[in-house]
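Protein chains: 2
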Amino acid sequence: MPKALIFDVFGTCVDWRSSVAREVAAVLPQVDAMAFAMAWRAEYDPAMARIRDGGRGYVPLDDLHRENLHRVAEAFGVTAPDDLSTAWERLDPWPEVVPGLRSMKADHIIAPCSNGSIALMTRLAKYGGMPWDCILGAELARDYKPKPAVYLACCTALRLDPGEVTMVAAHNGDLAAARETGLQTAFMPRVTEYGPEQTQDLGPTEDWDVIASDFKDLARKLHP
Amino acid sequence: MPKALIFDVFGTCVDWRSSVAREVAAVLPQVDAMAFAMAWRAEYDPAMARIRDGGRGYVPLDDLHRENLHRVAEAFGVTAPDDLSTAWERLDPWPEVVPGLRSMKADHIIAPCSNGSIALMTRLAKYGGMPWDCILGAELARDYKPKPAVYLACCTALRLDPGEVTMVAAHNGDLAAARETGLQTAFMPRVTEYGPEQTQDLGPTEDWDVIASDFKDLARKLHP
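Chains A and B are the protein sequences, given in the same order. Just so we're aligned: the first sequence equals residues 11 to 234 in our numbering. Just so we're aligned: the second sequence equals residues 11 to 234 in our numbering.
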């Protein structure tokens, strides 16, 4: 049994797509809000890639979100207010996440291992009521997943060996990197994270240590 | 009104003296447990001072506690088991702390700004039910209070200016350093932290921004 569970957040815990679209629609009624949200998210990985590759020093995701917002707004032919970038602090958890986390918290240390900053994860947890024991993730390593340094920094901060920690994600690539780093792995799918036409991560692609249908099922399977 | 409240923990939130004595008594029945707890705590500041002064690189408090344990055990003529050093993960909150924090959490981000590590503060919060939004403190700065870097690292992690953050402590020295660094300050006394003969920190020594009698009073005074 793992002593701590660390979680991917965007997609795994929260429905960023419909939440960001809601925030965009409230401020930019003239654009297709769902398309805007998807385009904004599409800038996410390239922005981190430059930092992972060493082409740029560590910049918190809050700042990358703001930079990406203005790039996407320009492509949509609109001007976005700077503070729309805080939309990522107001993402709704999938319905079973909070009760599932509460249940897992009774048996384990639970923490996010997200590419979001400590500030962003703290505000997001407050918004959605996610009862983390502490906030871990990319900022501790000043690098971005799937770099091993991020998973290792979370284990080090908890003073646990990687084998005592389970990474939970709805993304096979995240789990592959965590397993490579020595962590245990747990998968549960989010088949509509990218909308009804999603083609990736519809199911597990490896024999992850735990495979669950959702957070409540995961809590049952991880109950000692 | 501050946006975040950060808290000293040992003494301010938890009664380390009687809790450590209880843990010592369970394992070393042959010693004066209260005297042992006080002697152990007396090693705390000198151990950090070497790191603050640059004579030693950053070492998490968990390791300093273990080193200090063996030094104190030797002085008491006993051999202490290594894992007694985890006694510092099982300290009882003062009675009004958890309800006070719950109340403050509704209006503010709340986090520890302790010299304890992320691991130690996480386990201590789980033990005592302290509902932190995130765990901040010395480990973020890899240095020890009252060095300004520790208070600043907490503000930076929250993406707040120092003036938007209030440091809460039962120790005037901690608040003096926080104020020097630009934070707001709140004092409430713990007149028995060091036992019935305590002579220090019986009351505020400066005009701190908020002066309260306990955490419930503090919650009332910080309610927007």
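Don't read these hints as lab results, they were simulated from the structure. You may find that some hints are simply not true.
The list cannot tell twin chains apart, which means a pair is met if one copy fits it or any two copies do.
Unchecked claim - Below 25 Å or equal to it, Euclidean Cα-Cα: the simulated BS3-like pairs (lysine-lysine) are:
hint : residue 1 : residue 2
1    : K226      : K136
2    : K157      : K136
3    : K226      : K157
4    : K115      : K136
5    : K231      : K157
Same-copy or cross-copy closeness of K157 to K136 [CA-CA at most 25 Å]: neither (27 Å within a copy, 29 Å between copies)
Within a copy, between copies, both or neither: where do K226 and K136 come within 25 Å Cα-Cα? both (21 Å within a copy, 21 Å between copies)
Within, between, both or neither, where K231 and K157 count as close if Cα-Cα is 25 Å or less: Classified as neither: same-chain Cα gap 28 Å, cross-chain 45 Å, threshold 25 Å.
At most 25 Å between CA atoms: does that hold for K226 and K157 within a copy, between copies, both, or neither? neither (29 Å within a copy, 44 Å between copies)
Between the shortest in-copy and the shortest cross-copy C-alpha distance, which are at most 25 Å for K115 and K136: within, between, both, or neither? both (16 Å within a copy, 9 Å between copies)
In this structure, the earlier hints numbered 2, 3, 5 are contradicted, and the remaining ones agree with it.
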